[in-house]
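Chemist: Each chain, letter by letter, is given below.
Protein chains: 2
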Amino acid sequence: MNAPDPRFAPPAMPAALLAALTERFGARCSTALAVREQHGRDESIFDVPPPQAVVFAENEAEVAFVVQQAAAHQVPVIPFGAGSSLEGHLLAVRGGISLDVNRMNALVSLNAEDLTVTVQPGITRKQLNEAIKHEGLFFPIDPGADASLGGMAATRASGTNAVRYGTMRENVLGLRFVNARGEVVRTGSRAKKSSAGYDLTRLLVGSEGTLGVITELTLKLYPLPQAVSAAICFFPSIDAAVQTAMQVIQMGVPIARCELLDANAIRAVNLHDKLGLREAPMLLMEFHGTEGSVAEQAATVQELASEHGGEAFEWATTPEARTRLWAARHHAYFSALQTRPGCRSITTDTCVPISRLAESINVSVAEADAAGLPYFIVGHVGDGNFHLAYLLDPAKPEERETAERLSQQMVARALRLGGTCTGEHGIGLHKQGFLVDETGEEAVAMMRAVKAALDPQGLFNPGKVFATQP
Amino acid sequence: MNAPDPRFAPPAMPAALLAALTERFGARCSTALAVREQHGRDESIFDVPPPQAVVFAENEAEVAFVVQQAAAHQVPVIPFGAGSSLEGHLLAVRGGISLDVNRMNALVSLNAEDLTVTVQPGITRKQLNEAIKHEGLFFPIDPGADASLGGMAATRASGTNAVRYGTMRENVLGLRFVNARGEVVRTGSRAKKSSAGYDLTRLLVGSEGTLGVITELTLKLYPLPQAVSAAICFFPSIDAAVQTAMQVIQMGVPIARCELLDANAIRAVNLHDKLGLREAPMLLMEFHGTEGSVAEQAATVQELASEHGGEAFEWATTPEARTRLWAARHHAYFSALQTRPGCRSITTDTCVPISRLAESINVSVAEADAAGLPYFIVGHVGDGNFHLAYLLDPAKPEERETAERLSQQMVARALRLGGTCTGEHGIGLHKQGFLVDETGEEAVAMMRAVKAALDPQGLFNPGKVFATQP
Numbered sequence: 001m002n003a004p005d006p007r008f009a010p011p012a013m014p015a016a017l018l019a020a021l022t023e024r025f026g027a028r029c030s031t032a033l034a035v036r037e038q039h040g041r042d043e044s045i046f047d048v049p050p051p052q053a054v055v056f057a058e059n060e061a062e063v064a065f066v067v068q069q070a071a072a073h074q075v076p077v078i079p080f081g082a083g084s085s086l087e088g089h090l091l092a093v094r095g096g097i098s099l100d101v102n103r104m105n106a107l108v109s110l111n112a113e114d115l116t117v118t119v120q121p122g123i124t125r126k127q128l129n130e131a132i133k134h135e136g137l138f139f140p141i142d143p144g145a146d147a148s149l150g151g152m153a154a155t156r157a158s159g160t161n162a163v164r165y166g167t168m169r170e171n172v173l174g175l176r177f178v179n180a181r182g183e184v185v186r187t188g189s190r191a192k193k194s195s196a197g198y199d200l201t202r203l204l205v206g207s208e209g210t211l212g213v214i215t216e217l218t219l220k221l222y223p224l225p226q227a228v229s230a231a232i233c234f235f236p237s238i239d240a241a242v243q244t245a246m247q248v249i250q251m252g253v254p255i256a257r258c259e260l261l262d263a264n265a266i267r268a269v270n271l272h273d274k275l276g277l278r279e280a281p282m283l284l285m286e287f288h289g290t291e292g293s294v295a296e297q298a299a300t301v302q303e304l305a306s307e308h309g310g311e312a313f314e315w316a317t318t319p320e321a322r323t324r325l326w327a328a329r330h331h332a333y334f335s336a337l338q339t340r341p342g343c344r345s346i347t348t349d350t351c352v353p354i355s356r357l358a359e360s361i362n363v364s365v366a367e368a369d370a371a372g373l374p375y376f377i378v379g380h381v382g383d384g385n386f387h388l389a390y391l392l393d394p395a396k397p398e399e400r401e402t403a404e405r406l407s408q409q410m411v412a413r414a415l416r417l418g419g420t421c422t423g424e425h426g427i428g429l430h431k432q433g434f435l436v437d438e439t440g441e442e443a444v445a446m447m448r449a450v451k452a453a454l455d456p457q458g459l460f461n462p463g464k465v466f467a468t469q470p
Numbered sequence: 001m002n003a004p005d006p007r008f009a010p011p012a013m014p015a016a017l018l019a020a021l022t023e024r025f026g027a028r029c030s031t032a033l034a035v036r037e038q039h040g041r042d043e044s045i046f047d048v049p050p051p052q053a054v055v056f057a058e059n060e061a062e063v064a065f066v067v068q069q070a071a072a073h074q075v076p077v078i079p080f081g082a083g084s085s086l087e088g089h090l091l092a093v094r095g096g097i098s099l100d101v102n103r104m105n106a107l108v109s110l111n112a113e114d115l116t117v118t119v120q121p122g123i124t125r126k127q128l129n130e131a132i133k134h135e136g137l138f139f140p141i142d143p144g145a146d147a148s149l150g151g152m153a154a155t156r157a158s159g160t161n162a163v164r165y166g167t168m169r170e171n172v173l174g175l176r177f178v179n180a181r182g183e184v185v186r187t188g189s190r191a192k193k194s195s196a197g198y199d200l201t202r203l204l205v206g207s208e209g210t211l212g213v214i215t216e217l218t219l220k221l222y223p224l225p226q227a228v229s230a231a232i233c234f235f236p237s238i239d240a241a242v243q244t245a246m247q248v249i250q251m252g253v254p255i256a257r258c259e260l261l262d263a264n265a266i267r268a269v270n271l272h273d274k275l276g277l278r279e280a281p282m283l284l285m286e287f288h289g290t291e292g293s294v295a296e297q298a299a300t301v302q303e304l305a306s307e308h309g310g311e312a313f314e315w316a317t318t319p320e321a322r323t324r325l326w327a328a329r330h331h332a333y334f335s336a337l338q339t340r341p342g343c344r345s346i347t348t349d350t351c352v353p354i355s356r357l358a359e360s361i362n363v364s365v366a367e368a369d370a371a372g373l374p375y376f377i378v379g380h381v382g383d384g385n386f387h388l389a390y391l392l393d394p395a396k397p398e399e400r401e402t403a404e405r406l407s408q409q410m411v412a413r414a415l416r417l418g419g420t421c422t423g424e425h426g427i428g429l430h431k432q433g434f435l436v437d438e439t440g441e442e443a444v445a446m447m448r449a450v451k452a453a454l455d456p457q458g459l460f461n462p463g464k465v466f467a468t469q470p
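If you read the sequences in order, they're chains A and B.
Letter 22 of the first sequence, counting from 1, is numbered 22 in full-length UniProt numbering, and no numbers are missing.
Letter 269 of the second sequence, counting from 1, is numbered 269 in full-length UniProt numbering, and no numbers are missing.
If you're looking for bench data, these hints aren't it; they were derived computationally from the structure.
Warning: the hint list may mix true and false statements.
Said to hold, decoys possible - Computed cross-link-like contacts, DSBU-like style, restricted to lysine-lysine with a CA-CA straight-line distance of at most 35 Å: (1) B:133 <-> A:220; (2) B:220 <-> A:133; (3) B:220 <-> A:220; (4) A:220 <-> B:126; (5) B:126 <-> A:126; (6) B:133 <-> B:220.
Next comes chain A alone, as it looks inside the complex (with noise of 0.2 Å):
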């Protein structure tokens, strides 16, 4: 939305190391700007000039040469998968070359009897899904976008099955990946748990493509519920929907899914998806079981929906009726977008305590609708995470700057609740400041320490989590 910011000027690429490249991948090193450019903008606000190159490689073998070759050169490295992160994660604020493992997206092994499944870190996840579902299975973290799993990995995505199978910290076992120095290392196993020394698997989930790159992921895998069900609820204000969903937690329901829209996400996806929903809050909710259990969370969260005002309770129990509510779900983003065509959005990510939930969203709707800028609301809310989106016009500055001052705010309440910044989107280069808010200069020095031991020439992912020097 503005000029490139000069801040991002890299010195050229050496023609050596463009060579070797060359020569080791022909047409699969690309310097021609389009694909360039396709690999340097993604969903964030930030313009910065595209990476200098970039590799499509195809197994673990080239991409331990092409960091090989970046190291040997001092050339930036930055990971690519399917390009749907939020926060300027693959942006190449100091040039290099982005190394996209899209093509590294197969299925290496699936072990249906101890429900885990080995594969490359650019299979997306409806392709794992797609897999594995003849064997009764499914992976269930869902950020919406149809992600590939190294990036889920690398930004501890999760979404919205979040609420009860956890994120990518509780569901990936085990690692391959590509250090600094080029080596492939070997992380965790297929056992479901391990006390085997420091934890490097969790280490590198979040860690945002800045410390190794993935190349192969061993996940967790669930037995497809015996039964599912889905169902909508209208509620006359979004405290009263939210209330209804800090119950259901409080009470122990093992909800599946549970998700608010407020009347501004409904409407945008009754325009693209012509759903003709009630244009007011909604819970969107899913619940996992045998039959018997399902029915019982679901009378249960009926009767705590109706004591909040919850009106227009309404189930979905075949597929296709499921799909296309969730589809409708997954849209809101780019749903949203449309209704105020030429837009970009800053969208926040705080995660709070449960209890805390109510008063998080409550006075961010408040502040929102004082300013006065478009927004809209969608929320993992029975993980006390919310994503309040600011549909801003690139051409006012002064609309970006009145929502990053509404951010700020919104951020700061939340770490006074005892929440935090980012509960699935990641720092990237939007909120390194609020990551020393939140968690403290000595815990930064910390991280500053170990990316300095692990990876000295920095060169995976620069600048972004925390500048390298405080």
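Since the structure of chain A is already known, use the hints to place chain B on it.
Modeler: Structure of chain B alone, referenced to chain A:
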């Protein structure tokens, strides 16, 4: 059992350090032999001279003071909790100060409505559960011993409830700890999930005291289940019991606990607890949920057990009856030690993918039987984890050699089957070679690099997890 190992001969403790500690702590800094020996011996098989001093800290500032003083004099610091670790974690292999945090056992804050609690590291799991039960909540991680929460985090402990509730890895939301500079570091928050930077929380969980001294933990809690039911069932063979457990897990039954005791373990607990149980392989199971869901789970499991020749299925629904059974399970280790007076034990801790558990156990049993050493088995078989403990006569070094050989064979087999050398006890002194076998030199080199970056003087619990130099 042997003469002290001459490798463990630390330099004398600097008089200035001892003076500074004595000035600050008075009688809470002790060099009395009895106190030092009590802090220098655990359940492991190693004989190491005790630490040179023991400090009883009462708050975080005191912990920081000890670390700062120790750092200034380059003297090791070994955090000490309940002393129940099994792998030599608390042994002063390079001398130094045992930093006892047992007096830091306060419940700092309870947030029942968020299912979180913040505690000091010295609180034990029984103390914690006693302190929160009035709210209808519990903390499920149960390693058997009444361990301290700080120690449980440091070894990434798990135990009987992990099959349903996960391990310390999944149940620590955040930490405070004193780093090697003597600064207090905060990680995590009370939010259920976060993507804010590197996962320092999980880097500390399982670091065995080598990266910092934990001074506060924020934990997940769970509502006490509406219904709890425990059952025992006897099988014609260990294999039949294990096949049952495997099918229970593979069918996705949300069983809370699924423990195996072999005939040797039952013989020991019969002697110790006068239980009169049949001396045959037994599964001890527990189901949590609503009345309906517990009945459903139990029916499924009883049917599976019958198919494998399970007999004498017996229910314990009253708290008293359940407590009696679980006490027996928790006494198995010490009961078995008493069957061979004066013996010490080597306890294995492999964990494999569930489908490989029968192979893993059956071959290990055959090898132990062939070797003729007394042994017993208890297993968290729902997780693929079991402990085969050899009971050794300290006067017969050949018994230790045999046990070590069998243990090595068992670990090598577990690794071939996709498992780990330690499901929950940690690496400590005993399994450092196994760690390299399991994860490879590259991963261990990364662990060493992290250690060197965060504790450049090698101050915290030196000589554990891996040799500091390759």
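Chemist: Just to be careful, I want the Cα atoms of residue 220 of chain B and residue 220 of chain A compared with a cutoff of 35 Å; is the pair within it?
Modeler: 21 Å, holds
Chemist: Within 35 Å, alpha carbon to alpha carbon, are residue 220 of chain B and residue 133 of chain A?
Modeler: Holds - the C-alpha atoms of residue 133 of chain A and residue 220 of chain B are around 32 Å apart, at most 35 Å.
Chemist: Would you check the hint for residue 126 of chain B and residue 126 of chain A, treating anything up to 35 Å between C-alpha atoms as holding?
Modeler: With a Cα-Cα distance of about 44 Å, the restraint between residue 126 of chain B and residue 126 of chain A is violated, given a limit of 35 Å.
Chemist: Please work out if residue 220 of chain A and residue 126 of chain B have their alpha carbons no farther apart than 35 Å.
Modeler: Answer holds: residue 220 of chain A to residue 126 of chain B is near 31 Å, not above 35 Å.
Chemist: Regarding the pair residue 133 of chain B and residue 220 of chain B, is the alpha-carbon distance no greater than 35 Å?
Modeler: Roughly 14 Å between the alpha carbons, so the hint for residue 133 of chain B and residue 220 of chain B holds.
Chemist: Next pair to validate is residue 133 of chain B with residue 220 of chain A; report whether the Cα-Cα distance is within 35 Å.
Modeler: 32 Å, holds
Hint check: a violation occurs at hint 5 only; the rest are consistent with the structure.
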